[in-house]
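Colleague: The lines below spell out each chain.
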Amino acid sequence: MSIIKLSNVFYTYNKDTEEQVHALQGINLEIEEGSFVALVGHNGSGKSTLAKLLNGLLLPTSGSVNIYDMDTTNPSTIYEIRKNVGMVFQNPDNQMIASIVEDDIAFGPENLGVPREEIIERVDWALSKVGMLEHKKGTPFKMSGGQKQRLAIAGVLAIKPRVLVLDESTAMLDPQGRREVLSVVKQLNQDEKITIINITHYMDEALDADRLIVMNEGKIIDDDTPKNVFSRYAQLEAVKLATPPVTGLAIKLNQAGIPIDTNITTQSELVEKLCQLL
Amino acid sequence: MSIVVKNLSFTYGVGTAFAKKALDDINLTINDGDFVGIIGHTGSGKSTFIQHINGLIKPQEGSVEVFDISLTPAKKPKPDLRKLRSSVGMVFQYPEYQLFEETVYKDVAFGPKNLGLSAEEIEERVKEAIGLVGLDYDAIKDRAPFELSGGQKRRVAIAGIIAMRPKVLILDEPSAGLDPYGKEQILNLIVKLKEQCSPTIIVISHDIDEITRFASRIVVFNDSHVAYDVPMTELFEHQAELVEMGLDIPQAVKIAKALEQKGIVFDQPIVSLSDLYKAIVDRYNSIHVDKNAFDEEENH
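Going down the list, the sequences are from chains A and B.
Anchor point for the first sequence: position 162 equals 162 in this note's numbering, and the numbering is continuous, going up by one each time.
Anchor point for the second sequence: position 1 equals 1001 in this note's numbering, and the numbering is continuous, going up by one each time.
Calculated from the structure, these hints are not laboratory results.
Quantities reported herein were computed from a predicted structural model and do not represent experimental measurements.
One or more hints might be untrue.
Said to hold, decoys possible - Below, a list of computed lysine-lysine pairs in the DSBU-like style, where the Cα atoms sit at most 35 Å apart:
1. A/Lys-273 to B/Lys-1262
2. B/Lys-1021 to B/Lys-1058
3. A/Lys-142 to B/Lys-1262
4. B/Lys-1058 to A/Lys-52
What the hints assert, rightly or not - Some chain B residues well away from chain A (every beta-carbon gap over 10 Å; in silico):
5. Asp-1024
6. Ser-1063
7. Ala-1074
8. Arg-1082
9. Gly-1131
10. Asp-1209
11. Gln-1251
12. Leu-1273
Idealized CB from N, CA, C, for every residue including glycine.
Let the sequences and hints guide you as you build the complete structure.
Modeller: This is how it looks when you write it as structure tokens:
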């Protein structure tokens, strides 16, 4: 069942001024419940604008955005939408509000008027989901980027969303932090069936998704399985994007006259193929 | 020799409950013309280390010598920090957050101005620096830095540093947070700067694949120590140690090791993806050329 439905969505920044920017130009998109979607595009392609439309932080200039059949322009259901669509942003330091971990996680449900007993339950549940329960009484400020970003996810989880949107949430992390966050996100998708929309610059992260959407100049230019999208590498290069490193190597080898498929995405596929050739 | 670091140790928050040793007896020499990549976990001491090199942190123990300037725990004589900072340029993480002037020109001119240069000299340097980072001087000089794209802002911030014409350039995570295209441009820029501006370059990065593309020497920080310091071509031999420290292994090394296990061993050292590409193409061609020659012989 599609739970997110965008119909002919346009969004313009600084509308009716000289500096107007057409960030989204006719987006049509449906996302199924429980899916894991990656969204890529170079800076300025419109992907963050799209993310902000998903929980009504921005409202479409024209067209409509429906989340669980609720229109984001309807003020009476906007809080219901925001409860369902949680967002995690790029900079972990900008998303911490309390000096003690459990207070930080409790902030969301407190604002929703959740009863105290249930808040305590939710805090423990959210922290255990991101592997941070032992830090419940600790302070976020001394933590690594990966830990902080996992707390940011826990803070969102405590609101019990059905959709989690990650807007370049791993961009500021070191490789270890990235791995931590990604494994948490994958677990949430598998165990809790939370729908994931991961906006990223890392093409290898896109490989984890079951669907990859490519944006350029405010439009969706490709929408398929990651493997199929990467096989159309010329199109990606044309919009200043790259393939994952393994695919990139296979393509170069193919261009050098070595008979190797260009839709290889994993190391083991590549090694297996090379063993037959070398 | 540009930089000689001897027995350098540093602890944050000395005498408090939060005291944390960041550097423990570091000895390291950086030679003129070195292209050094530094890797290590967050908290391994690499940022603390580079901040010592241009005098942002004063050594607690040991010494740092940069050209003829000596930094030690002693209060006197006072080192000439202005001179030090004009010879060692530092580009921090997310340098675009440090842009502050109304125009790109003023922002890039800030450093040279503080060096007390004449107006003509400043203009010449600003022009040169903006050109070097690949931006169009006339088109961009009067624009506000804040209306530029992320990649452009970062290049303006780098221009502000190279306008000082530093002999040593240090970049901390220069490509972090950029999209693939912006990343590519910054990496190419670093190679160009090495040739045309600063002969000695030190780059900190979390992305080991990025470092294998240009550095000729790799220094690995782990737990406040230099775990090892080797020419890039020897990195292949240190795979197990990297894994043990929980650091990433270059993609090319991973593939080459996997091929090795299947009996395909290359003669040349493999560190970067372009090394691997060349090795595979050579091997493929030698097998097939030999085979063709053999087939032809058979036919005769």
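Colleague: Please go over all the hints and tell whether each is borne out by the structure.
Modeller: Going through the hints against the structure:
{"no.": "1", "hint": "A/Lys-273 to B/Lys-1262", "result": "holds, 12 Å"}
{"no.": "2", "hint": "B/Lys-1021 to B/Lys-1058", "result": "holds, 15 Å"}
{"no.": "3", "hint": "A/Lys-142 to B/Lys-1262", "result": "violated, 45 Å"}
{"no.": "4", "hint": "B/Lys-1058 to A/Lys-52", "result": "violated, 45 Å"}
{"no.": "5", "hint": "Asp-1024", "result": "holds, 20 Å"}
{"no.": "6", "hint": "Ser-1063", "result": "holds, 30 Å"}
{"no.": "7", "hint": "Ala-1074", "result": "holds, 32 Å"}
{"no.": "8", "hint": "Arg-1082", "result": "holds, 32 Å"}
{"no.": "9", "hint": "Gly-1131", "result": "holds, 22 Å"}
{"no.": "10", "hint": "Asp-1209", "result": "violated, 7 Å"}
{"no.": "11", "hint": "Gln-1251", "result": "violated, 5 Å"}
{"no.": "12", "hint": "Leu-1273", "result": "violated, 6 Å"}
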